[in-house]
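**Student:** Okay, here's what each chain looks like letter by letter:
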Amino acid sequence: MNVRMVIVVGFIASAVCLVPSVWAQQSQFSMDYWGFTHEESGVLSGLGFIPLIEPPLVVDLENYQYTWVIEDAVLDSSRVDGGIEYYYYSGGTFKVYEDTVEPWNAVYSDADCQDPEWVGSISEPWTFQDGELFLLAEFQYLNRTYYTDYQFGDYEGMMDLTGGTHLDDIPPLLRHGWTFGGATDQPWACIPEDYEYRWDGQLFLVEDPTRTESTTWSGIKSFYR
Amino acid sequence: MRTAIGLALLLSVLLSGVPGTAQIVDYWGFSDFPQTVGSGIVEVGFAIEIHAPLTYDPEGFQYTYAFEELMLAEVVPMGPATVYTYLGGFFNVYEDASFNATYDDAQCLVSDPATFTDGSLYLQAELDTLTWIYNSMTGRGSYDAVMTYTGGTHIDEIPLDCREGMMFGGTTDLSCTVCIPEGYDHRWDGQAFTIQGPSAVDSSTWGSVKTLFR
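Protein sequences appear in the order of chains C and Z. Sequential numbering from 1 applies to the first sequence in my numbering. Sequential numbering from 1 applies to the second sequence in my numbering.
In short, the hints are calculated from the structure, not lab data. Hints may be right or wrong, so weigh each one.
Unchecked claim - What follows is a set of in silico ranges between Cβ atoms, one per label pair, in the way DEER data are often shown: (1) Z:P159 / C:G83: 16 to 22 Å; (2) C:P103 / Z:P58: 16 to 22 Å; (3) Z:G183 / C:G83: 30 to 36 Å; (4) C:E132 / Z:V146: 39 to 45 Å; (5) C:S123 / Z:V37: 23 to 29 Å; (6) Z:T55 / C:E124: 25 to 31 Å; (7) Z:L121 / C:V43: 42 to 48 Å; (8) C:Y88 / Z:G183: 31 to 37 Å; (9) C:P51 / Z:G183: 23 to 29 Å; (10) C:R79 / Z:T129: 26 to 32 Å; (11) C:P187 / Z:D104: 26 to 32 Å; (12) C:P172 / Z:M71: 46 to 52 Å.
Unchecked claim - In silico negatives: residues of chain Z with every beta carbon more than 10 Å from chain C: (13) F61; (14) D96; (15) A97; (16) S98; (17) P113; (18) E126; (19) I155; (20) D156.
Ideal Cβ positions, reconstructed from N, Cα and C, are used throughout, including at glycine.
Work the whole structure out from these sequences, hints included.
**Tutor:** Shown next as structure tokens:
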């Protein structure tokens with residue numbers, strides 16, 4: 001394999017991991033969450049529940065309720081390509097709340113399979129934002145894809161963890177988050193009024209970005225010799 | 001009168017198209033999804049939340065799941081994405097007191113697949129179809145499936161007319177961002193639902209139907 005080929009292969013390999021390769025040397029599964037989102041005037045927001053949070057975050061899932069809220073993610077652009085819709089957002093926050101006051105007041109009800117007209121009900125948005133701000137993350141980007149003919153899609157986002165009462169549980173080098181998940185707007189997903197999609201996702205802690213180094217083209221060539 | 005009957009029938013069709021549903025399982029895991037028609041899928045993982053009407057005991061038992069005997073039937077390109085259709089197979093949830101299914105994030109290791117399918121079969125769903133769309137441009141995918149809950153030790157907790165089911169979720173293969181253990185190629189995160197089955201059909205004469213609307 002000649003040098004040019006090695007460089008091309010190298011670029012292709014790094015392109016496969018494009019954005020994540022910039023960020024991740026190590027990742028850590030942090031939490032699993034689900035809920036509902038909607039978009040209004042180009043701003044995406046959502047809320048929901050967190051049934052699982054992993055170390056190093058310190059939690060008490062038995063006694064406290066953990067909820068999440070996405071706010072102010074602004075649609076920058078969108079496009080349609082062969083039945084696939086792509087949406088690109090910037091800004092916005094992902095906040096995790098720890099509610100210590102019982103009874104837990106963030107409530108969702110879908111447990112009435114036998115009622116054919118049931119569409120699900122969810123408590124007021126403020127019930128997902130009371131308690132303490134457990135973790136605050138600011139989105140660097142959030143992208144989602146939607147397959148029109150199938151009524152489902154997926155998403156991913158990168159964020160900086162910047163605040164919350166439990167930020168110090170996370171080592172400084174791991175204070176970035178990467179999230180992915182699936183979304184659907186099918187009728188059977190029991191999506192409450194005022195929401196468009198049901199989301200199910202996970203959040204990972206990822207290391208600080210690897211630093212870039214400037215070099216000449218000759219330098220890159222000599223690296224592979 | 002004919003118009004009234006037509007409207008009534010249309011209304012009933014519309015109403016039956018909005019089934020009542022309930023999320024019953026929230027799960028995540030790892031898959032080795034074949035991309036050759038006729039190949040079988042391997043996927044195992046953890047059921048982290050189980051909802052009513054099912055009862056469970058997360059303190060005393062570990063709940064895991066596996067897709068079993070699912071076969072790839074069709075591959076259709078869709079721009080930068082590919083639509084994979086799988087037929088048959090099962091979505092099985094297991095209840096195991098040994099808690100031997102493990103995942104080590106730091107080492108990116110998951111225990112042997114057999115540790116996810118031991119214990120008792122808590123719930124079984126027979127899959128009709130599973131449609132997975134994988135987008136090579138984003139490294140992400142998403143899926144949904146149509147199924148019927150048919151077995152397991154807790155099947156009787158699901159009312160007979162609620163045993164049709166659906167599931168959906170997202171997938172990623174960005175192993176440079178998330179841990180995907182050796183032997184698997186995607187990380188999955190999804191939910192399973194029960195939905196109300198079709199209303200029972202009553203036989204009747206045309207005259208009786210007309211009488212209903214008089």
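**Student:** Each hint: holds or not?
**Tutor:** Hint check:
The given range of 16 to 22 Å is broken by P159 of chain Z and G83 of chain C, whose C-beta atoms sit roughly 37 Å from each other. With their beta carbons about 20 Å apart, P103 of chain C and P58 of chain Z fall inside the hinted range of 16 to 22 Å. A hinted range of 30 to 36 Å for the beta carbons of G183 of chain Z and G83 of chain C is consistent with their spacing of about 33 Å. For the hinted restraint 39 to 45 Å between E132 of chain C and V146 of chain Z, the CB-CB distance of approximately 42 Å keeps it satisfied.
Range check, S123 of chain C to V37 of chain Z: Cβ separation about 47 Å, and the 23 to 29 Å hint is violated. Against the hinted window of 25 to 31 Å, the Cβ-Cβ separation of T55 of chain Z and E124 of chain C comes to about 29 Å, which satisfies the hint. Range check, L121 of chain Z to V43 of chain C: Cβ separation about 45 Å, and the 42 to 48 Å hint holds. Between Y88 of chain C and G183 of chain Z the Cβ separation comes to about 34 Å, which falls inside the hinted range of 31 to 37 Å.
For the pair P51 of chain C and G183 of chain Z, the supplied restraint of 23 to 29 Å holds, since their beta-carbon distance comes to about 27 Å. Remark: the range hint 26 to 32 Å for R79 of chain C to T129 of chain Z is upheld by a beta-carbon distance near 29 Å. Look at P187 of chain C against D104 of chain Z: about 39 Å separates their beta carbons, and that is not inside 26 to 32 Å. For P172 of chain C and M71 of chain Z, the Cβ-Cβ distance of about 48 Å falls inside the hinted range of 46 to 52 Å, so the restraint holds.
For F61 of chain Z, the non-interface assignment is confirmed: its Cβ lies about 16 Å from the closest Cβ of chain C, beyond the 10 Å cut-off. Every CB of chain C lies more than 10 Å from the CB of D96 of chain Z, the least distance being 18 Å, so the non-interface label holds. The Cβ of A97 of chain Z lies farther than 10 Å from every Cβ of chain C, with a closest approach of about 20 Å, so its non-interface assignment holds. Once the 10 Å rule is applied to beta carbons, S98 of chain Z is consistent with being away from chain C; the minimum gap is 20 Å.
Separation of P113 of chain Z from chain C is adequate, the least Cβ-Cβ distance of about 19 Å exceeding the 10 Å criterion. In this structure E126 of chain Z is separated from chain C by more than 10 Å, as the shortest Cβ-Cβ distance comes to about 17 Å. The beta carbon of I155 of chain Z sits about 14 Å from the closest Cβ of chain C, which is more than 10 Å, so the claim that it is off the interface holds. With a closest Cβ-Cβ approach of about 15 Å to chain C, D156 of chain Z is found to remain outside the 10 Å limit, as its non-interface label requires.
Consistency note: the structure conflicts with the earlier hints numbered 1, 5 and 11.
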